[in-house]
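There are 2 protein chains.
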Amino acid sequence: RCFHFCKLPGRVMGIRLLRFTSVVIIVLLLVAGALTALLPTIKDDKLPNSRREPKTQSQSALDSFTLIMQTYNRTDLLLKLLNHYQAIPHLHKVIVVWNNIGEKTPEEMWNSLGPHPVPVVFKVQTINRMRNRLQNFPDVETKAVLMMDDDTLVSAHDLAFAFSVWQQFPEHIVGFVPRKHISTPSGVYSYGSFELQNPGFGNGDQYSMVLIGAAFFHSGYLEDFQRQPEAVYALIDETQNCDDIAMNFLVAKHTGKPSGVFVKPVDIRNLEKDTNSGYSGMWHRAEHLLQRSYCVNKLVNIYDGMPLKYSNIMISQFGFPNYANHKNKM
Amino acid sequence: RCFHFCKLPGRVMGIRLLRFTSVVIIVLLLVAGALTALLPTIKDDKLPNSRREPKTQSQSALDSFTLIMQTYNRTDLLLKLLNHYQAIPHLHKVIVVWNNIGEKTPEEMWNSLGPHPVPVVFKVQTINRMRNRLQNFPDVETKAVLMMDDDTLVSAHDLAFAFSVWQQFPEHIVGFVPRKHISTPSGVYSYGSFELQNPGFGNGDQYSMVLIGAAFFHSGYLEDFQRQPEAVYALIDETQNCDDIAMNFLVAKHTGKPSGVFVKPVDIRNLEKDTNSGYSGMWHRAEHLLQRSYCVNKLVNIYDGMPLKYSNIMISQFGFPNYANHKNKM
Chain A
1 RCFHFCKLPG RVMGIRLLRF TSVVIIVLLL VAGALTALLP TIKDDKLPNS RREPKTQSQS
61 ALDSFTLIMQ TYNRTDLLLK LLNHYQAIPH LHKVIVVWNN IGEKTPEEMW NSLGPHPVPV
121 VFKVQTINRM RNRLQNFPDV ETKAVLMMDD DTLVSAHDLA FAFSVWQQFP EHIVGFVPRK
181 HISTPSGVYS YGSFELQNPG FGNGDQYSMV LIGAAFFHSG YLEDFQRQPE AVYALIDETQ
241 NCDDIAMNFL VAKHTGKPSG VFVKPVDIRN LEKDTNSGYS GMWHRAEHLL QRSYCVNKLV
301 NIYDGMPLKY SNIMISQFGF PNYANHKNKM
Chain B
331 RCFHFCKLPG RVMGIRLLRF TSVVIIVLLL VAGALTALLP TIKDDKLPNS RREPKTQSQS
391 ALDSFTLIMQ TYNRTDLLLK LLNHYQAIPH LHKVIVVWNN IGEKTPEEMW NSLGPHPVPV
451 VFKVQTINRM RNRLQNFPDV ETKAVLMMDD DTLVSAHDLA FAFSVWQQFP EHIVGFVPRK
511 HISTPSGVYS YGSFELQNPG FGNGDQYSMV LIGAAFFHSG YLEDFQRQPE AVYALIDETQ
571 NCDDIAMNFL VAKHTGKPSG VFVKPVDIRN LEKDTNSGYS GMWHRAEHLL QRSYCVNKLV
631 NIYDGMPLKY SNIMISQFGF PNYANHKNKM
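In the order they appear, the protein sequences are chains A and B.
For what it's worth, my numbering labels the leading residue of the first sequence as 1, then goes sequentially.
For what it's worth, my numbering labels the leading residue of the second sequence as 331, then goes sequentially.
Think of the hints as simulated: they come from the structure by calculation, not from any bench.
Be aware that a few hints might be false.
[To be verified] Partial pick of chain A residues on the chain B-facing surface, computed with a CB cut under 8 Å:
#1 A61
#2 N83
#3 L153
#4 Q167
#5 F169
#6 F194
#7 G204
#8 L211
#9 Y221
#10 Y233
#11 A234
#12 P265
#13 I313
#14 Q317
#15 G319
#16 F320
Please read all numbers here as calculations on a predicted model, not as lab measurements.
By construction, the Cβ of each residue, glycine as well, lies at the ideal position given by its N, Cα and C atoms.
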């Protein structure tokens with residue numbers, strides 16, 4: 001009989017078998033777990049998005065946007081707008097371009113009133129330039145940029161809808177303020193809005209620009225903007241104007257199509273009158289519109305041609321705010 | 331001195347020189363003429379289209395469309411509508427799908443009242459089927475089809491604009507009548523319009539179909555429609571309904587995107603009440619809407635999944651009819 005020695009191999013075999021079986025079971029469980037995680041979610045209809053996920057830095061670069069807001073001499077409006085815009089759906093980060101040279105940013109006060117839904121970065125500038133907001137900020141992590149003037153209030157509904165439209169037209173400037181140029185028999189261009197005559201292509205009016213002071217566009221265009229002819233920067237600095245017209249030229253040239261897609265806003269407001277600073281914005285200068293016509297002609301010179309194209313597409317949100325805003329009296 | 335002989339060579343030389351010079355001049359003129367003809371027309375802005383060119387068969391296949399209108403028991407409405415539609419800009423040809431089995435078409439009367447702006451072809455049918463209008467008619471020479479019900483009047487302005495929109499979205503059904511499906515916890519789908527609850531993706535409503543009774547779509551889809559499962563034809567024949575829902579399934583499956591783009595009509599009218607025939611259209615049947623819900627579920631079965639996708643894009647024409655229909659109270 002073989003007690004000690006014989007049992008030992010058996011027990012050893014037994015232990016080895018036990019260990020082996022345990023390892024096999026664990027591996028099988030891990031594999032099963034991995035397979036479950038890889039199962040495709042059923043996505044034939046888009047899943048309802050009724051519950052808001054907490055905003056984190058890990059929001060996909062495609063599903064969120066960066067707000068860039070340049071500010072000069074209207075910090076009260078800036079802070080009022082920041083309270084509104086910091087809570088817009090799909091916002092990833094806010095970049096405040098601080099054109100108040102030599103003045104402290106409100107960063108301390110901002111932090112003391114935290115926490116905030118998203119990070120806000122104050123970019124202190126050294127010269128008060130209109131085109132500061134068009135720098136290629138490394139802070140931008142998203143594909144989309146929302147650019148807003150520091151006196152413009154657009155509702156969250158409008159912004160959420162316009163962002164979804166931008167996602168369908170990512171190479172265009174998708175925004176709320178359409179403008180146009182017209183050509184005249186002399187070959188000189190003029191800049192304006194609905195008050196100018198129609199360009200004459202069938203019924204109705206046309207627009208050839210969407211202003212970037214209330215619009216979404218691809219962050220790649222900020223990079224492109226750094227590679228423009230020097231004369232473009234000189235023009236914008238000379239007029240402290242027209243950076244938006246230049247951007248529309250850039251985009252139109254790049255796409256060969258109309259630069260912008262106009263989304264009709266339900267609720268857009270100008271808060272200029274509400275500021276305590278008394279400062280009321282560049283567009284009140286007497287020469288503002290004449291400058292912009294001047295810029296159009298200069299840019300045609302610089303770019304050796306007129307790249308802007310006309311569009312008459314106006315986009316609204318189906319069934320909002322009125323659930324039957326498309327109904328017809330048939 | 332050398333009179334006769336010496337002059338002769340000179341004169342001969344002179345004649346040769348004259349001939350040579352003439353030939354050179356003629357060649358130069360021909361070359362100049364050819365160069366002028368080859369000069370590129372300046373096309374940085376689209377040229378105004380204010381003067382209508384006479385409609386010819388040579389209109390580019392991309393710049394014109396074919397109207398397909400199926401008709402049953404409403405010849406008075408048909409003829410009224412033909413007078414209107416025959417003059418729509420960019421129309422290439424009209425195809426009338428004649429579902430009045432055994433009855434003579436009004437072709438003789440039509441010809442006696444000529445000339446007409448475009449050719450009108452009467453396609454006599456042998457069975458009165460709803461899906462007759464979705465045959466792949468060889469008469470269609472254009473990329474675009476405009477399909478209209480024989481009781482629907484849409485203004486020329488709306489049609490011209492919607493055609494221009496289709497040219498920007500050629501793979502979609504671009505039309506004036508949006509509808510949707512909704513899914514329910516039981517997994518059974520329901521068909522309807524604004525009266526149904528929103529599918530729940532953010533604010534406002536969504537549509538997932540654009541009906542083909544007043545819409546532009548690519549003529550290639552008529553070809554695709556011939557290659558659908560037999561069960562689709564059986565369903566349409568069984569209900570004498572739902573051909574348009576089937577077409578939306580087809581397009582959504584093909585593109586992986588929402589099948590339709592909704593253009594909000596300014597002036598769309600239903601002329602049913604104006605007919606002398608007393609016939610008032612299939613949609614008045616009690617079971618019409620229930621049938622359409624039934625069709626949605628059957629088609630999901632046939633296609634083994636729900637391909638329809640939601641959209642909330644509503645397109646209107648900028649600055650028409652009101653030249654400032656986009657103006658905001660800023």
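Classify the hint on Q167/A as holds or violated, based on whether any CB of chain B lies nearer than 8 Å to its CB. Check failed: Cβ of Q167/A comes no nearer than 11 Å to chain B, outside 8 Å.
With a cut-off of 8 Å, does the beta carbon of F169/A approach a beta carbon of chain B closely enough for the hint to hold? 10 Å, violated
Quick check on G204/A please, does its C-beta sit within 8 Å of some C-beta on chain B? Status holds, d = 3 Å.
May I ask you to test the interface hint for A234/A with respect to chain B, counting a Cβ-Cβ separation under 8 Å as satisfied? 24 Å, violated
Verify the interface restraint on Q317/A: the C-beta must sit less than 8 Å from at least one C-beta of chain B. It holds, given that the least Cβ distance between Q317/A and chain B is near 5 Å, below 8 Å.
Taking 8 Å as the limit, does the beta-carbon of N83/A come near enough to a beta-carbon in chain B? With Cβ-Cβ at 21 Å, over 8 Å, it is violated.
Can A61/A be said to touch chain B, with a Cβ gap under 8 Å? Violated, about 21 Å.
Hint validation: F194/A versus chain B, beta carbon distance must be below 8 Å. Holds or violated? Holds: closest Cβ of chain B sits about 4 Å from F194/A, inside 8 Å.
Take the shortest C-beta to C-beta distance between L211/A and chain B; is it under 8 Å? 12 Å, violated
Interface hint for F320/A, Cβ within 8 Å of any Cβ on chain B: The hint holds - F320/A has a Cβ within 8 Å of chain B, the shortest such distance being about 3 Å.
Interface hint outcome for G319/A [beta carbon to chain B under 8 Å]: 3 Å, holds
Restraint: I313/A near chain B, CB-CB cut 8 Å. Satisfied or not? This interface hint holds because 6 Å falls under the 8 Å limit.
Violation of the numbered hints given earlier is confined to hints 1, 2, 3, 4, 5, 8, 9, 10 and 11; the remaining hints are satisfied by the structure.
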